[in-house]
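Student: Could you build all of it, start to finish, from the sequences and the hints given here?
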Amino acid sequence: MSSNLKDALSLIEQFENAMDSYQQNFKRINEEIIQNLANTWKSLKNEQIEIENLEFVIRNQNSEIMELRTKLEDLNKKIENPKSERETLLSKISEFKTSLERTVDDLKKPKFELDNLNSQLNAINENIGLKEAKKLELEQKKIENENRERELKKNFSEEKLNELERKLLQLKQNNFFTTFLIEHSDEEIPEVDIIATIMSEGSCKLGDLKKLLDVPPIMAVRTIKQLAVKGIINLDESTNIITMP
Amino acid sequence: MELKSTFLKKLHFVESFENRVSALKILINKKYISSWQLQFIKALQKDSNLDLKNLLLATDIREDQAKSLLKKMVQLNGPIEYDEMAGIVTLKKEVDF
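Keeping their order, the protein sequence lines are chains A and B.
Residues in the first sequence are numbered consecutively from 570, following this note's numbering.
Residues in the second sequence are numbered consecutively from 0, following this note's numbering.
Derived by calculation from the structure, the hints in this document are not laboratory data.
All clues stand as given, with none of them false.
Sample of chain A residues lacking proximity to chain B, with all beta carbon distances greater than 12 Å (derived):
# : residue
1 : Asn586
2 : Met588
3 : Asn622
4 : Leu699
Once the Cα atoms are required to be at most 30 Å apart in a straight line, the calculated DSS-like pairs of lysine-lysine come out as:
#  : chain 1 : residue 1 : chain 2 : residue 2
5  : B       : Lys9      : A       : Lys711
6  : A       : Lys736    : B       : Lys30
7  : A       : Lys774    : B       : Lys8
8  : B       : Lys41     : B       : Lys91
9  : B       : Lys29     : A       : Lys794
10 : B       : Lys8      : A       : Lys723
11 : A       : Lys723    : A       : Lys704
12 : B       : Lys3      : A       : Lys736
13 : B       : Lys30     : A       : Lys741
14 : B       : Lys30     : A       : Lys794
15 : A       : Lys741    : B       : Lys70
16 : B       : Lys3      : A       : Lys729
17 : A       : Lys741    : B       : Lys29
18 : A       : Lys736    : A       : Lys723
19 : A       : Lys729    : B       : Lys8
20 : B       : Lys41     : A       : Lys799
21 : A       : Lys779    : B       : Lys29
22 : B       : Lys9      : A       : Lys741
23 : B       : Lys70     : B       : Lys92
24 : B       : Lys91     : B       : Lys70
25 : A       : Lys741    : B       : Lys91
26 : B       : Lys3      : A       : Lys741
27 : A       : Lys741    : B       : Lys41
28 : B       : Lys91     : B       : Lys66
29 : B       : Lys29     : A       : Lys780
30 : A       : Lys774    : B       : Lys29
31 : A       : Lys736    : B       : Lys91
32 : A       : Lys794    : B       : Lys41
33 : A       : Lys794    : B       : Lys24
None of these values were measured; they are calculated from a predicted model.
Heads up, the beta-carbon is just placed ideally off N, CA and C, and yes, glycines get one too.
Tutor: This is the structure we're talking about:
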């Protein structure tokens, strides 16, 4: 029995010790819990303050966002105006471009006309140059012609013509009866023309002489041959060349 | 130019006429032609008062032809005298062929 008591006492002691340790631990833990609670409270309090601050910030930010939205809307509205103005300006630019192209085209026309006129002017100037050269040439020719005319007048004057007239008259007077027969015979005498032509030319081809006479070719040949037979003219039968004896 | 042309034409005519005169003389001298006018002219004699009727008999030419020929030659101032009333013909210069 004593061992059992001893064991019980020991167990009680152990229990007591355990209880004491438990109690101390419990107390420590409680204190820690209280401390933790106090800390937690403080933390929560701080969190609450923080949250309130954050809420304040959020409210402020929301307010700012609102303001910004309002500003954005205003800006969007403001942007719309420039957009419209931009469209208007683009349209005007397009109009101006068209107008510019038209103006450039319009400017090209007078330039083309100017070029054309310049070309015509050049042609006219060239023509004037040619005409002036021609005029000079004509003036030169005029001077030459005047000189020639003077020379001709000197060489072929009325006086010279009268001299010829006198010579003819003298010829007719000196040969009155022969002249009379030439001019007043009842019949034409073709032989006179044949001989006169041979005398004038020195020699004639039968073919050429036929053409020069006013009688039919057959009659001309017959007459020429007859004159040759009579010895009035010479006719070379091989060459058909006629000469005076 | 016109004067030159006129002059040259005239010169050619004069030269041609000179040749024609020579040509006719050759033909007459060679007795190649013998027209009644030629016969009549040949029958005339220088400084002789010839009776036209005798001339007509010698040449066998009609009176009207001879008279017409003589009048024409007188009209052209030929070296011939013709008294139509008397019928006398006088040659004042030798015939030129």
